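K.L.:
Just so you know, the sequences run in chain order A and B.
In this text, residue positions in the first sequence follow this note's numbering: the first is 807, and each later residue adds one.
In this text, residue positions in the second sequence follow this note's numbering: the first is 4, and each later residue adds one.
Keep in mind the hints are simulated off the structure, nothing from the lab.
No experiment lies behind these values; they were computed from the predicted model shown.
Careful, some of the hints might be misleading.
Listed below are the simulated SDA-like cross-link pairs for lysine to any residue, each with C-alpha atoms no more than 25 Å apart in a straight line [said to hold, decoys possible]:
#  : chain 1 : residue 1 : chain 2 : residue 2
1  : B       : K162      : A       : G925
2  : B       : K162      : A       : R815
3  : B       : K93       : A       : E855
4  : A       : K998      : A       : M904
5  : B       : K162      : A       : E954
6  : B       : K162      : A       : P853
7  : B       : K93       : A       : H817
8  : A       : K998      : A       : P853
9  : A       : K906      : A       : E954
10 : B       : K225      : A       : L823
11 : B       : K225      : B       : G236
12 : A       : K998      : A       : L823
13 : B       : K93       : A       : V843
14 : A       : K985      : A       : G997
15 : B       : K162      : A       : K985
16 : B       : K93       : A       : R865
17 : B       : K162      : A       : K906
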Amino acid sequence: MLTVRSLVRLHLGPLDLEVAAGQCVTLRGRSGSGKSVFLRAIADLDPSEGTVALDGRDRNTMSAPDWRRQVGYLPAEPGWWADRVTAHFADWSACRPMAKRLGLDPAAGDWSVSRLSSGERQRLGLVRLLENQPRCLILDEPTASLDEAAMAVVEQLVAEHCEAGGSCLFVTHDPAQFKRISRQGYRLEEGKLVQETAA
Amino acid sequence: MSYVTLDYVDLALAASLLLINGAVSIALSLGLARSLAISSVRMVVQLLLIGLILDFLLATVSPFWTGLAVLVMLGFAGYEAMARQDRRLKGFWAYGLGTGVMTLAALLVMSFALITQVAADPWYHPQYLLPLLGMVLGNCMTGVALAIRSITSALADGKQAVEAQLALGRTFRLSALPMVRSALRTAMTPTINSMAATGLVYLPGMMTGQILAGIDPVEAVKYQLLVMFLIAGATAIGVTGAVFAISRRLSDQRHRLRLDRLTDATAN
């Protein structure tokens, strides 16, 4: 589904990576190794060399907004552009069940963004991304500030997304999570990707 | 027309008022004495020089020398607008963008005014062209500098907000729209406010100058109104041009936010 070929950005690369349809692939690496730089380059938020394609279709053959709608990137700290939570969703009432599943207060839509905790921001950011129905999820440590219950729901949502034919590139630091959510993954070491299998 | 001419003794007498500034600075050790001295000497030298240059220009009425004066004024306005920025575009753009939009605004507004309203003979007569351009450009420059500053810092400080929208597949234009709007509002407000305050809070320098020179006050007011309209027009053109040019320069065809095209805030 998602194919990265000889991607070069800053000190990274050339990097090759493959995420098949229905698959969740993890990406690990020490902090500062360039995981976020890599993810931003995949989402085309920074210029990079090499080819990135979805289902064999090169991203340069479509507009950047089209690409980003299909390859949905969630940064470790999602950004907000309005005061109220609801303003960030196309249809908040349709998102409420998922928010509830993630342990969020159903009234959170009426809150102001400034009062959200980092865990709430992370979960609302994920709901906002999933509302967009991207085909490939690019998640940067989406469970870093979550408790175990919420973490389990996030992992479940990702699994459901993949079962429905989507795919996911999931950044994690936690070896246990790596084994839970994926069969294979990559480590980013000194600007190069090393494949690893969960055993 | 009649007016009282000043001789240099009168000026020296008035200049003695600067001693108050100096005394305050020294008594309270404000450390302003040095820059006060430099600034006042600069003012005297620059104004006397300009007086001599204008004398020459008005005596010759040459399109070449007048054109050169216009270019120099545009050049300094562009430099001044750039000097007021903490974060600048890299390379030629830091200077070129502001200078470009101001040149465009001044060109449009001045040709409109000189062809249709002022109707000087010849149209480039420096007696009309240079003072009008000076006032239009001075105000346009303040607006453009403010516009560049607000859109640049809005995009730089709002990186997360803009990129969050980009990542969800919105266009750059849509993602940056609130910032474009507020920068335009910030940069246009001073001109609008000054129109409301004119005549009540302060008497514009040009108008009072004409009155001092013995012109009928109502005639002076008419000239002042013309100048205010020209300023409003030039500021609107310059400010809009600057905000859109900057937001274009800080993005690319792939709808990315290109803050890498700015220098660091600390570098200047």
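K.L.:
For each hint, tell me whether it holds in the structure or not.
P.N.:
Structure-based check of all given hints:
Using a Cα cut-off of 25 Å, the hinted pair K162 (chain B) and G925 (chain A) holds, with the two alpha carbons roughly 21 Å apart. Pair hint K162 (chain B) plus R815 (chain A) holds up; C-alpha atoms about 20 Å apart against a cutoff of 25 Å. For the suggested pair K93 (chain B) and E855 (chain A), the alpha carbons sit about 22 Å apart, so the restraint of at most 25 Å is met. Straight-line distance between C-alpha atoms of K998 (chain A) and M904 (chain A) comes to about 37 Å, which puts the hinted pair past the 25 Å bound.
For a cut-off of 25 Å, the pair hint linking K162 (chain B) to E954 (chain A) is broken: about 31 Å separates their Cα positions. With a C-alpha separation of about 16 Å, the suggested pair K162 (chain B) and P853 (chain A) falls inside the 25 Å cut-off, and the hint holds. The hinted pair formed by K93 (chain B) and H817 (chain A) meets the criterion: a straight-line CA distance of about 22 Å does not exceed 25 Å. Straight-line distance between C-alpha atoms of K998 (chain A) and P853 (chain A) comes to about 18 Å, which keeps the hinted pair within the 25 Å bound.
Note on K906 (chain A) and E954 (chain A): the hinted pairing holds, with a Cα-Cα distance of about 16 Å set against a maximum of 25 Å. Proximity of K225 (chain B) to L823 (chain A) is assessed by CA-CA distance (about 72 Å); at most 25 Å being required, the pair is judged violated. A C-alpha spacing of about 17 Å is found between K225 (chain B) and G236 (chain B), which places the hinted pair at or below 25 Å, so the restraint holds. Straight-line distance between C-alpha atoms of K998 (chain A) and L823 (chain A) comes to about 11 Å, which keeps the hinted pair within the 25 Å bound.
A C-alpha spacing of about 22 Å is found between K93 (chain B) and V843 (chain A), which places the hinted pair at or below 25 Å, so the restraint holds. Our distance criterion of 25 Å between C-alpha atoms is met by K985 (chain A) and G997 (chain A), whose separation comes to about 23 Å. Restraint check: the Cα-Cα separation between K162 (chain B) and K985 (chain A) comes to about 34 Å, which exceeds 25 Å; the hinted pair is violated. Restraint check for K93 (chain B) and R865 (chain A): not satisfied, since their Cα atoms lie roughly 28 Å apart, outside the 25 Å limit.
As the CA atoms of K162 (chain B) and K906 (chain A) are separated by approximately 29 Å, the hinted pair breaks the 25 Å bound.
Comparing the model with each earlier hint shows violations of hints 4, 5, 10, 15, 16 and 17; every other hint is respected.
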